[in-house]
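For reference, the chains in residue letters:
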Amino acid sequence: MTMLKEGRPTAPTPVKDAHMSPATATGNRALMLEEALIFEIGSTDTTGVDFAPAPNVASRLGTLARTDSIGLPGLSEQETVRHYTRLSRQNYAIDLGLFPLGSCTMKHNPRLNEKVARMPGFADLHPLSPQSTVQGALAVIHELAQWLVTLTGMHSVAMSPKAGAHGELCGLLAIRAALEARGDARSVVLVPESAHGTNPATAAFCGYQVEDIPATPEGRVDLEALKARLGPDVAAVMITNPNTCGLFERDMKTISDAVHAAGAFVYCDGANFNAIVGRVRPGDLGVDAMHINLHKTFSTPHGGGGPGSGPVVLSEALAPFAPLPFVEKQGDQFVLIEEETAQDHHGETFGRMVAFHGQMGMFTRALAYILSHGADGLRQVAEDAVLNANYILRSLDDVLDAPFGTSGPCMHEALFSDKGLADGFTTLDIAKGLIDEGFHPMTMYFPLVVHGAMLIEPTETESKAALDQFILALRSLAERAKAGDEALKGAPYHAPRRRLDETLAARKPVLTWTEPALAQAAE
Amino acid sequence: MRYLPLTDTDRQDMLSVIGAASIDDLFVDVPAEARLSGTIEGLPDHASELAVERHMAALARQNLSAGEAPFFLGAGAYKHHVPASVDHLIQRGEFLTAYTPYQPEIAQGTLQVLFEFQTQVARLLGCDVANASMYDGSTACWEAIGMARRITKRGKALLSSGLHPHYVSVARTMAKFTGDALMHDAPTLDAATDIDALIAGIDKGTSCVVVQYPDILGRIADLTPLAEAAHAAGALLVAVVTEPVALGAIQSPGAMGADIVVGEGQSIGVGLQFGGPYLGLFACKQKYVRQMPGRLCGETVDAAGKRGFVLTLSTREQHIRREKATSNICTNSGLCALAFSIHMTLLGERGLRELATLNHGLAVQAADRLANVPGVTLLNDSFFNEFTLILTKDARDVVRNLADRGVLAGVSLGRLFPQAPDIGNGLVVAVTETVTAEDIEALGNALEEELA
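The listed protein sequences derive, respectively, from chains A and B.
To convert, note that position 399 of the first sequence is 399 in the numbering used here; the numbers rise steadily by one, no gaps.
To convert, note that position 399 of the second sequence is 399 in the numbering used here; the numbers rise steadily by one, no gaps.
Note that these hints are calculated values from the structure, not bench results.
Think of the CB as a built atom: it goes at the ideal place given N, C-alpha and C, for glycine as much as any other residue.
Check each hint, because a few of them may be wrong.
Using 25 Å as the maximum straight-line C-alpha spacing, the simulated BS3-like pairs for lysine-lysine come out as follows [said to hold, decoys possible]: (1) B:K204 x B:K156; (2) A:K508 x B:K287; (3) A:K489 x B:K176; (4) B:K306 x B:K204; (5) B:K176 x B:K306; (6) B:K285 x B:K153; (7) B:K324 x B:K306; (8) A:K482 x A:K419; (9) A:K419 x A:K489; (10) A:K227 x A:K253; (11) A:K508 x B:K306; (12) B:K153 x B:K176; (13) B:K156 x B:K306; (14) A:K508 x B:K176; (15) B:K204 x A:K508.
Quick list of simulated restraints, FRET-style, between CB atoms [as the list claims (entries may be wrong)]: (16) A:Y493 x B:D13: 32 to 40 Å; (17) A:A466 x B:E438: 38 to 46 Å; (18) B:A51 x A:L472: 51 to 59 Å; (19) A:G331 x B:G67: 26 to 34 Å.
Start from the sequences, fold in the hints, and give me the full structure.
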């Protein structure tokens with residue numbers, strides 16, 4: 001036997017086309033692994049969990065023992081870890097890079113907050129445990145509530161709403177309850193054209209007729225039109241401030257005064273509170289109710305679509321109508337006010353919005369975030385968020401149309417339109433081009449008052465280097481779209497999937513997996 | 001500040017690009033009287049990670065967590081063992097720090113999970129389709145009542161006395177504003193549920209009957225006759241499942257004819273978390289899908305013909321339909337849905353059935369032991385992992401006193417139904433796979449001393 005002395009090649013072999021990217025037999029592309037559905041790879045007889053043997057007892061299930069096959073596939077632990085790890089790699093995330101979704105405040109999610117939320121004293125606590133055994137949990141709710149009330153300059157806060165839209169519902173229900181308590185039935189809620197879709201949906205749910213308020217050419221609420229519409233039938237005005245065009249509503253106090261003079265209430269959509277936290281208190285602007293998205297301003301993770309958390313700060317006029325339950329400090333004890341105790345001294349509450357006490361897992365995270373920043377850090381948050389947005393606005397307004405670029409500084413988000421792009425090129429093309437450049441696209445086609453809107457919110461946790469790279473990418477895409485570069489219409493090229501057919505998905509909805517044989521038979 | 005990357009030099013450079021002299025120039029549109037010149041008074045300044053962790057840990061230590069005591073609380077929230085890999089996987093940044101999958105080309109991970117989740121939920125609940133989740137079981141329940149109103153164009157809902165009282169409270173709150181009439185009484189301490197009374201109460205004005213399965217007292221009733229009676233009158237049957245593990249052992253509500261099945265998914269993967277975030281499950285018959293609230297994920301293909309997933313049928317939703325939407329819901333409970341789906345994948349059908357069998361077996365042992373305590377009567381003929389004991393005194397006091405002895409005994413009916421003092425001696429006891437023989441003995445002994 002002889003030893004081979006050839007060794008292995010240590011430099012790449014020249015190939016004809018260095019850019020060639022041949023298909024693979026598996027469809028995988030090195031680290032980018034295609035992953036089938038659990039229904040295609042698992043079996044109902046496989047499990048990744050072992051249990052102690054069950055006691056041998058006679059069933060007390062009555063006549064209803066489940067006999068049919070449920071059709072739930074299982075995987076071993078390793079297969080499970082691989083399945084979800086592979087899937088995770090098909091997602092963009094803040095942890096990977098800048099995520100400039102306007103109005104969504106995709107800021108860094110500190111990991112201390114995850115650690116805190118998982119402390120057994122919080123995570124392993126039953127909502128109906130005797131109150132003597134949950135004093136620390138009630139203290140967290142109370143401490144966070146104090147911060148929210150102080151930061152907003154409001155009278156009190158309802159902690160239980162589960163998300164922003166649920167908070168809007170809470171605010172409008174409090175308004176409706178307050179109006180009914182004074183025997184003043186009103187039927188109309190005024191909402192600016194630029195509002196989030198949740199605003200009109202919430203008002204309609206509460207039984208109100210929704211009317212639009214127009215915007216001025218500079219992108220703010222038309223004060224004169226609003227004043228002209230106020231009257232005895234108007235229950236509330238819902239305003240987002242800073243608004244969805246990225247501007248501060250200069251006339252906010254005048255608006256509030258006019259609304260109050262007409263006997264109505266001011267609801268503020270607090271989705272954009274990140275721009276002003278620590279620098280402006282909504283209570284000083286005459287707001288009666290405002291939800292705070294803990295998953296935006298206070299950085300609780302978005303988790304691919306929730307859970308959120310939407311506490312609602314309330315003015316003194318609305319506080320008596322706040323929903324159950326809530327936490328009060330009585331002496332050195334924290335007390336949870338529920339149906340049992342509420343009759344005595346909170347008879348005006350409009351009721352209960354959720355089964356338990358709200359998003360405790362988000363409260364612990366938000367409180368850790370707030371304590372980490374403190375009053376000084378939160379003020380810096382608003383300043384850096386606004387600075388970053390203005391930096392983007394002014395670095396790109398020579399290549400992209402900024403419809404309100406002359407309306408004053410923007411707040412925490414910069415707004416551009418599709419004006420000036422070559423014929424046939426759209427905001428969607430720029431967004432999909434950003435994917436190839438390694439960024440999540442901005443919010444597109446919102447607000448509705450701007451054609452082909454691109455709403456960019458960088459947040460305060462982006463460095464100047466990250467912003468500069470994003471600006472470089474967007475500048476290049478804007479130039480390509482203006483020059484009519486056809487290749488852009490096919491973007492993205494480098495993502496796990498090319499553009500997806502949403503029309504097909506809606507026309508022939510396939511919402512659950514069906515065994516191929518059954519699916520075929522059904523057609 | 002450790003989360004803020006800009007240096008003062010960066011800030012100055014950026015201000016000059018913008019053409020502003022100072023940061024205050026960027027806040028000129030705030031009315032002068034509302035500008036705060038310095039930090040808000042009465043609040044502390046920033047703190048180190050160590051200091052914050054210490055503060056939070058001190059608060060956590062003031063609580064008696066479920067794992068530290070013999071623990072028997074249920075009534076809509078259950079302690080189950082969650083495998084370590086679930087929490088590991090949901091903490092992958094690509095899941096944890098992603099947004100709603102509005103850009104499907106770079107969100108196939110979340111979207112495929114939602115498609116798998118929808119299928120798992122539909123199969124578990126016995127329905128054709130399920131959505132991508134709601135806030136929790138209670139909000140899913142009132143959304144179902146609203147959906148039944150839209151479908152039947154009727155405004156009277158019959159709520160079973162066995163429905164979780166907090167779910168009833170939530171529905172009542174919403175009904176005050178939507179105008180639905182809700183019929184509901186507190187339960188009585190009988191072994192039989194109120195199915196017959198519900199059947200008798202259905203008429204031509206009924207939009208839906210809402211029934212919990214197993215109910216708040218742990219009783220299990222066949223829903224088939226109720227579904228038939230509802231359908232005969234043109235009404236829908238809405239079934240509510242607060243303990244989905246039960247469906248590894250007992251028939252699904254969909255198989256018994258329920259039109260809409262909602263539930264609290266917290267038991268699988270999510271954990272107790274003092275009441276939230278939880279996971280609203282929402283499933284229904286195919287023919288009602290366009291009246292469904294919430295997000296839906298659907299299958300499609302991309303420009304190269306590959307299978308992929310997108311959010312779909314969004315013309316029901318608020319961001320498209322505004323005031324005409326089926327619900328104002330926007331955020332769902334994505335990360336909890338992921339946790340549920342991973343845990344369910346680990347279990348598989350075999351694991352789920354084993355888990356359910358173990359829960360039931362331990363609950364039977366506990367019920368037999370506790371029914372032997374002098375002064376204790378077992379209410380239930382049938383139950384899964386939760387049952388009701390009738391004591392000789394107010395169960396609220398018993399729960400408090402046992403907590404002082406370090407035993408978390410259950411949930412008193414007095415806390416759940418403060419308006420119904422006649423059932424105040426009832427104690428709802430849940431027994432899951434986390435309960436040991438020693439725990440059952442500890443509860444039995446403590447009850448014997450307390451009731452002696």
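*Quick one, are A:K482 and A:K419 close enough, alpha carbons at most 25 Å?*
holds, 10 Å
*asked:* So if I understand the rule, the pair passes when the alpha-carbon distance is 25 Å or less; does B:K324 with B:K306 pass?
replied: violated, 34 Å
*Assess, step by step, whether the Cα of B:K156 is no farther than 25 Å from the Cα of B:K306, and give holds or violated.*
violated, 47 Å
*Range hint 38 to 46 Å: satisfied by the CB atoms of A:A466 and B:E438?*
For B:E438 against A:A466, whose Cβ atoms are near 55 Å apart, the range 38 to 46 Å is violated.
*asked:* Check the hint pairing B:K204 with A:K508 against an upper bound of 25 Å on the C-alpha distance.
replied: Violated: B:K204 and A:K508 sit about 34 Å apart, past 25 Å.
*Pair hint outcome, B:K176 versus B:K306 [Cα-Cα no greater than 25 Å]*: The hint is violated at about 49 Å.
_Please verify whether A:K508 and B:K306 have alpha carbons no more than 25 Å apart._
holds, 17 Å
*Has the given pair, A:K508 with B:K287, been kept, meaning a C-alpha gap of at most 25 Å?*
Holds - the C-alpha atoms of B:K287 and A:K508 are around 13 Å apart, at most 25 Å.
*Pair hint outcome, B:K153 versus B:K176 [Cα-Cα no greater than 25 Å]*: Measuring from Cα to Cα gives roughly 17 Å; hence the hint holds.
*If you draw a straight line from the CA of A:K419 to the CA of A:K489, is it 25 Å or shorter?*
holds, 17 Å
*If you draw a straight line from the CA of B:K285 to the CA of B:K153, is it 25 Å or shorter?*
At roughly 18 Å apart (the allowed maximum being 25 Å), B:K153 and B:K285 satisfy the hint.
_Given the hint of 51 to 59 Å, is the C-beta distance from B:A51 to A:L472 inside that range or not?_
violated, 39 Å
In the structure shown, a violation is registered for the earlier hints numbered 3, 4, 5, 7, 13, 14, 15, 17, 18, in ascending order.
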